[in-house]
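Residues per chain, in single letters:
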Amino acid sequence: MIFRKIKIINFGPYVGEHEIEFNNKGVGIHLLRGGTGQGKTSIQNAFLWALYGKVTDRKDRQIMPTSLLNRKIYSDGIYYFGAQLFFDHEDANWILTRKMHAKYHQDNKYEEGETFELIRNGEGKPNPEKEIERIIPSTISRFFFFDGEMLRDYEELLDQKSTSMKKFKDSIERILGVPYFRIAKNDLNIVKKRVENERASIIRRLGGFEYEELLSQFDFVSEEIDGLEKEITGLEERKDQLEIEVTGNKRKMSDFEEVKDNAIKRNEIERDIKIIDGDIDKLNEKIKNLNINLYKILLSPVSNNILGVLENKHKEKMEKYDKKQKLLGRLESIEKGIKTSKCEYCGTILKPEKLISLEQEKKEINIKISDLTEIPEPNTSFDLYRQTLQRMKLNLIDQNNYKEIEKEKNDKLYKKAILTQNLTEVKEKLLNSDTKEPFDLENKIREQEIEVGRLEGIIQTKNSELLELKREKSEIDQKITSIDKKELNILDTRINVISSTINIFETAINQYVEEKRSDVERESSEIFKNLRSKEDFIKLIINENYGLGILTSEGTILDKNEWRSAGEEQLVALSLIGALNKCSNVEAPIMMDTPFGRLDLKHGQRVLSYLPKMSKEVILLATDREIREDDLKEVKSNIKTDYTIKYISEKEGSKISKTRSN
Amino acid sequence: MESAFGEARTLPATEQAKTIMKQLVNKNLFADQRHVWNLGAALGLAMGQVYEKGERGTFQNINSLDPEGIFAAIMVGRYPLLTPDERRKKLVDHAEWGIRELMRKEQNGTLDFSTLGIKEIAIIKE
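Sequence lines, in order, name chains A and B.
Using the working numbering, read the first sequence as starting at 4 and increasing by one per residue.
Using the working numbering, read the second sequence as starting at 171 and increasing by one per residue.
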């Protein structure tokens, strides 16, 4: 299958009719460039929708017809969109047309108004769906039309024990041709059942109570088995559905993982900041306590001179007081002498001249006493002030205490600044995120997994019952077959031959799968060698689920969990897809959306160089960031078509134009 | 005992000084406005600087601001010849200057309690 052209009408962001023609009869690399949101993915969706009538988003949810119609066209009241593919296949020209036309903008109305036709060399094919499934089965389309961002999920799927994994494994086996053998084996089973029925009707014809009884038992047990099988199928479907939901939720959870981590980080930082704030408050309290007495340190040098002044003042006051006391003593002595006219010390009678002189002295002393204040007690206030200052100087705080506290405080403030910066960054990351959602989703996944476990338990019990019934059926069957009748013997022989053939097929299928798996392993190793820049590996190792591990030169097998980067996982997934394409029975183009999103420049270049070997036709939907002009040089001769997609406006939608060379 | 400040029981402050004291308390540097006043007055005295402008209103009781009588002792020793009222006014002038100086230092980021007074006094001695 080689695409030559696609036409799209009112599809996604495209207003009106647009077409892309793939040059060189479709063979080579075709580049469709465009930034994010310009309309690249819608082109891939148009291909898938045209082929299968159904497209899903990155979360595997179906995009309904009402969402496929262009918004502008919808606002104009036109409910019509479609896509047309022109391709070559089996030396014939094919045109596939799918359109939806509705009276009302409702999903069911679009489905009712759907037209789908397939023309081969000008002649309409009667069953287009079946024909497309034959050319490129929908179950394997994911290996031809894929999203680079989703490549990692393929390996993710292979790592799970779920229905999604089973379906994925089936689709891999389908691309490798395994189902053809399985269909043959199933056909043989049908033949065997027919012969068994024939045998049963002969037994009935032969009559006899014993046979009837055995047959009735056989029928009863068969019905029981059928009923139980249906019940198990129902349970398995329920379990499978739940597992799909768990897978989806886990994928969603991985998107939330960062939000959850950041929410925890934010809480931790906020708690740490709170602790630091508490420490800073304590240090501020210490500073405030020191500040109560800081003024004394400043007054200490001031007080040095003042102490001397106060001491002198005190001495001066005391000298005055002593002088006054002496004068008072002399005055008392004079007054006594004057009163008694005798000398106080020797008792001699004093002469009148002496008395006059004493009166004069008394007068002078009184004046002097009067000059020395009238206070009877000595003035000690200067001494008290001096003592106050001395006490102050003895109890000064150590100003170095501030340095220690300030240092500690600065350390804390520095830590707080770093934390605050971190907090801002984390909060920015959390902007517009619902931090509760990851935790709710985590609980939901846990509940769903418990339910899956419960269903598994029930299925296991039912399977044991089924096994028991089958054993019972086999016993009855043996009893019936033991009846010696010629016709029955012939049928028994036929049944045995068919059973043996079925066994041969079973063994052959296993061998075929092994061989194919080994082919895939070899091819994927070869591709991986071409894509990967590191050379410390020998080959890729494939497991029974088609999961790939890297066998290093040291002999270690690195499985998915040990791959170092998303880019490396993408390379391994790409190698698997490339190998499957090479080993498959289906020949189809490869269409890659955002193929190099997770790859560095070097690996992007390597993948780009390898593309021509992957398929005859490769359609790349890439952003300019992914593909640089320098990278294209090596594959320039292989690039046959180069378009640029640009979203203009809601009114005009996206436009497709040939890329102008610089 | 001779009273340093006579019969007066309170010390006044200008509105601006009161505002500054309140701001420094709000900045979590001091537990109470009294502590700002004490440090401001000590700084003014240590630097020998006064601020005499502005109308003064009642601020706080002398016993609250100087419970140990340290400022009284300093003022008596430093200004022995002034009358108690003059001495009281002089102390308030020192405090007014010191309070403003604390705010100035805080605003330009040079308010460092671990060195406050040391540098300033060294400069005066030089």
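Hints should not be assumed to be uniformly reliable.
Unchecked claim - Lysine-lysine pairs mimicking DSS-like chemistry, simulated, CA-CA at most 25 Å apart:
1. B/Lys197 - A/Lys277
2. A/Lys419 - B/Lys197
3. B/Lys260 - A/Lys406
4. A/Lys412 - B/Lys197
5. A/Lys291 - B/Lys223
6. A/Lys619 - A/Lys585
To be verified - Just a sample of chain A residues kept apart from chain B, beta carbon distances all over 12 Å, derived:
7. Ile228
8. Ile300
9. Pro304
Please keep in mind that the hints were generated in silico from the structure rather than gathered at the bench.
The beta-carbon is built from N, C-alpha and C at its ideal position, and this holds for glycine as well.
Exercise. Any hints from earlier that this structure breaks? Give me their numbers in increasing order, please.
Key: Per hint list: 3, 5, 8, 9 violated.
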